[in-house]
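So the sequences go chain by chain: X, C, V and W. Using numbering that gives the first Met the number 0, you'd call the opening residue of the first sequence number 0 and step up by one each time. Using numbering that gives the first Met the number 0, you'd call the opening residue of the second sequence number 0 and step up by one each time. Using numbering that gives the first Met the number 0, you'd call the opening residue of the third sequence number 0 and step up by one each time. Using numbering that gives the first Met the number 0, you'd call the opening residue of the fourth sequence number 0 and step up by one each time.
In case anyone wonders, no lab produced these hints; they're calculated from the structure. All C-beta atoms in this analysis are idealised placements derived from N, C-alpha and C, irrespective of residue type, glycine included. Where hints are given, some of them may not hold.
[Said to hold, decoys possible] Straight-line Cα separation of at most 27 Å, BS3-like style, residue types lysine-lysine; simulated pairs:
| id | chain 1 | residue 1 | chain 2 | residue 2 |
| --- | --- | --- | --- | --- |
| 1 | X | LYS67 | V | LYS125 |
| 2 | W | LYS39 | X | LYS67 |
| 3 | W | LYS125 | C | LYS67 |
| 4 | X | LYS39 | X | LYS125 |
| 5 | V | LYS39 | C | LYS67 |
| 6 | C | LYS125 | C | LYS67 |
| 7 | V | LYS125 | V | LYS39 |
| 8 | V | LYS125 | C | LYS39 |
| 9 | C | LYS125 | W | LYS67 |
[As the list claims (entries may be wrong)] Partner residues are not named here, just some residues of chain X that face chain V (Cβ under 8 Å, in silico):
| id | residue |
| --- | --- |
| 10 | PRO17 |
| 11 | ALA18 |
| 12 | HIS23 |
| 13 | PRO24 |
| 14 | VAL27 |
| 15 | ASP28 |
| 16 | THR55 |
| 17 | THR59 |
| 18 | ASP60 |
| 19 | SER62 |
| 20 | TYR65 |
| 21 | ALA68 |
| 22 | LEU118 |
| 23 | ASN122 |
Number of protein chains: 4
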Amino acid sequence: MPERVVTTLEVRWGECDPAGIVYHPSYVDWFSIARMHFLKENGIHYMADFHDGGVTVVVTDVSCHYRKALRAEDIAHVSARLVELGRTRLVFRYEVTNERGDLCAWGETRHAFVDRDTLRPVNLAKFASGLWERLAQLPISPLDEGER
Amino acid sequence: MPERVVTTLEVRWGECDPAGIVYHPSYVDWFSIARMHFLKENGIHYMADFHDGGVTVVVTDVSCHYRKALRAEDIAHVSARLVELGRTRLVFRYEVTNERGDLCAWGETRHAFVDRDTLRPVNLAKFASGLWERLAQLPISPLDEGER
Amino acid sequence: MPERVVTTLEVRWGECDPAGIVYHPSYVDWFSIARMHFLKENGIHYMADFHDGGVTVVVTDVSCHYRKALRAEDIAHVSARLVELGRTRLVFRYEVTNERGDLCAWGETRHAFVDRDTLRPVNLAKFASGLWERLAQLPISPLDEGER
Amino acid sequence: MPERVVTTLEVRWGECDPAGIVYHPSYVDWFSIARMHFLKENGIHYMADFHDGGVTVVVTDVSCHYRKALRAEDIAHVSARLVELGRTRLVFRYEVTNERGDLCAWGETRHAFVDRDTLRPVNLAKFASGLWERLAQLPISPLDEGER
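With these hints in hand, go ahead and build the complete structure from the sequences.
See the structure below:
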């Protein structure tokens with residue numbers, strides 16, 4: 000069970016804007032991709048396990064800090080790790096680096112579990128206990144001092 | 000019941016690409032917006048009448064022809080009209096013009112009605128007869144010779 | 000010169016995800032639209048004044064907090080105001096409300112001015128003094144205690 | 000020099016719509032990705048060779064035909080091949096298949112070469128002769144009868 004899962008993407012032309020660089024909301028989309036890969040590498044398939052099981056993992060908060068621009072055809076490595084896990088929420092951290100290893104952006108997403116039908120928050124341990132038991136085994140890498 | 004419904008959009012920064020112009024798939028997205036407005040202006044609300052009613056109107060074919068580029072903050076007028084209507088399908092035509100009235104793009108979408116749960120094609124008159132009756136009253140503007 | 004500019008959007012089908020609600024990065028895109036409208040209502044046209052003038056206003060940080068979901072065809076009012084302004088940076092705040100006035104999301108973007116060709120940070124007062132003089136007259140609404 | 004280049008993509012959550020399937024304009028975006036990969040596998044880098052060289056390859060026409068839906072986390076194989084090549088234009092064909100090899104969609108894009116600064120059509124052999132010479136060596140796979 001890897002603590003950090005790295006997704007490698009090639010920047011798409013359509014992800015860039017008239018400034019010639021990646022349009023900033025695209026990084027927030029990349030966080031979704033990296034988060035789903037983190038789960039998959041740890042044995043949880045978002046579509047089969049959450050979506051089809053009636054649970055939506057909504058985003059309650061997102062932040063992203065941009066340090067270096069990327070452009071079309073550049074390689075981006077997006078690493079994701081889980082920093083908090085509870086019956087009602089998840090917190091992930093992400094780092095985007097370029098091919099040379101320079102930090103291009105970093106960010107965080109906070110999540111709640113909601114009933115897919117009503118969009119109401121649920122306690123996952125009660126709502127889908129089997130899924131919760133699997134989730135509870137995910138590796139957590141808490142933030143250290145400098146990362147807060 | 001208007002035969003042609005025009006939706007006016009202001010080009011978004013995020014709809015443009017590194018060439019500084021609207022990224023071409025954005026026009027296909029605009030067709031969706033224009034189509035939903037056409038329906039709404041004719042009394043049919045896509046979300047309430049189709050989606051919540053268990054019918055998905057999928058796109059089976061799309062084409063778009065580009066004549067003049069648009070860039071961020073430009074105004075685009077997207078006109079939509081229905082050119083064919085049947086129990087199993089719909090065909091729409093679109094024209095995009097700029098503020099001066101120049102034709103920037105035109106295109107067509109063809110659609111099938113599918114059961115939202117199974118994604119299988121349905122005969123709307125059987126599957127949702129009330130909705131079909133309302134749809135059957137939509138104004139149709141068949142293509143003339145030069146438009147084929 | 001309005002301190003707060005409200006942009007009214009109709010949620011697009013393509014802005015929503017399989018959970019049936021607006022995909023969260025779309026709000027970050029809406030912030031861009033609202034910010035450009037804030038500037039325009041205050042006499043500054045992003046494309047003509049910044050982009051064509053060789054200045055790119057990059058985003059250095061973004062945050063968004065989600066409170067209530069929106070879905071396709073819903074109306075969203077996105078208000079934008081400028082909370083900090085300097086020769087090297089800008090800070091904007093946004094609030095998204097639905098048709099009933101409920102707060103759906105709020106967020107912040109922080110920006111730097113960069114040379115469009117080199118992407119290097121510039122002091123706008125030196126790099127484009129005429130533009131800076133106009134910008135310096137924008138109405139600022141600093142955050143109050145509860146908003147930090 | 001491969002005649003057909005296949006790009007394998009994992010469907011992104013953000014590429015799907017409230018019907019739970021890939022939003023149809025996303026396929027048009029995939030065609031761009033597949034086209035750039037076709038060029039790259041044949042030794043031409045779009046950003047370095049075209050964009051930075053002052054040539055934009057605009058899309059003049061696009062069509063896409065949808066046969067089978069895909070959803071998030073599905074694998075899509077997008078094959079691209081060049082079917083026409085001239086001093087003023089290019090035509091590409093694409094096929095999208097799922098993991099089992101079923102045809103999900105197919106389409107075509109037609110392109111013109113334009114001067115990046117003026118957006119005016121150019122004869123590539125005159126405008127950028129070195130690039131044209133390299134392009135002229137690309138493998139062409141003309142359409143056969145049944146594909147027209």
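Practice problem: Given the hint that LYS125 (chain C) pairs with LYS67 (chain C), test it: the Cα-Cα distance must not exceed 27 Å. | Solution: With a Cα-Cα distance of about 43 Å, the restraint between LYS125 (chain C) and LYS67 (chain C) is violated, given a limit of 27 Å.
Quiz prompt | chain V contact restraint on SER62 (chain X) - CB to CB distance below 8 Å | solution = OK, holds: SER62 (chain X) within 8 Å of chain V, min 4 Å.
Quiz item: Any CB of chain V closer than 8 Å to the CB of ASP28 (chain X)?
Solution: Hint holds; ASP28 (chain X) Cβ to chain V Cβ min 5 Å, cut 8 Å.
Quiz prompt | Pair hint LYS125 (chain V) and LYS39 (chain C), alpha-carbon separation not exceeding 27 Å | solution = violated (51 Å)
Quiz item: Is the shortest C-beta separation between PRO17 (chain X) and chain V less than 8 Å?
Solution: holds (7 Å)
Quiz item: With 8 Å as the cut and Cβ atoms as the points, is THR59 (chain X) at the interface with chain V?
Solution: Holds, because the Cβ-Cβ distance from THR59 (chain X) to chain V comes to roughly 5 Å (cut-off 8 Å).
Quiz item: Keeping to a limit of 27 Å between CA atoms, is the pair of LYS39 (chain W) and LYS67 (chain X) held or broken?
Solution: This hinted pair holds, its Cα atoms lying about 25 Å apart.
Practice problem: Quickly compare the C-alpha distance for LYS125 (chain C) and LYS67 (chain W) to 27 Å and report which way the hint goes. | Solution: Answer holds: LYS125 (chain C) to LYS67 (chain W) is near 23 Å, not above 27 Å.
Quiz item: Is LYS125 (chain V) close enough to LYS39 (chain V), meaning Cα to Cα at most 27 Å?
Solution: holds (23 Å)
Quiz item: Holds or violated: is the Cβ of ALA18 (chain X) closer than 8 Å to a Cβ in chain V?
Solution: Hint holds; ALA18 (chain X) Cβ to chain V Cβ min 5 Å, cut 8 Å.
Exercise. Using Cβ atoms only, decide whether HIS23 (chain X) comes closer than 8 Å to chain V, and label the hint accordingly.
Key: Where the cut-off is 8 Å and the nearest Cβ of chain V is about 4 Å from HIS23 (chain X), the hint holds.
Quiz item: Minimum Cβ distance from TYR65 (chain X) to chain V below 8 Å?
Solution: Holds, about 5 Å.
Checked against the numbered hints given earlier, the structure breaks hints 6, 8, 23 and satisfies all the rest.
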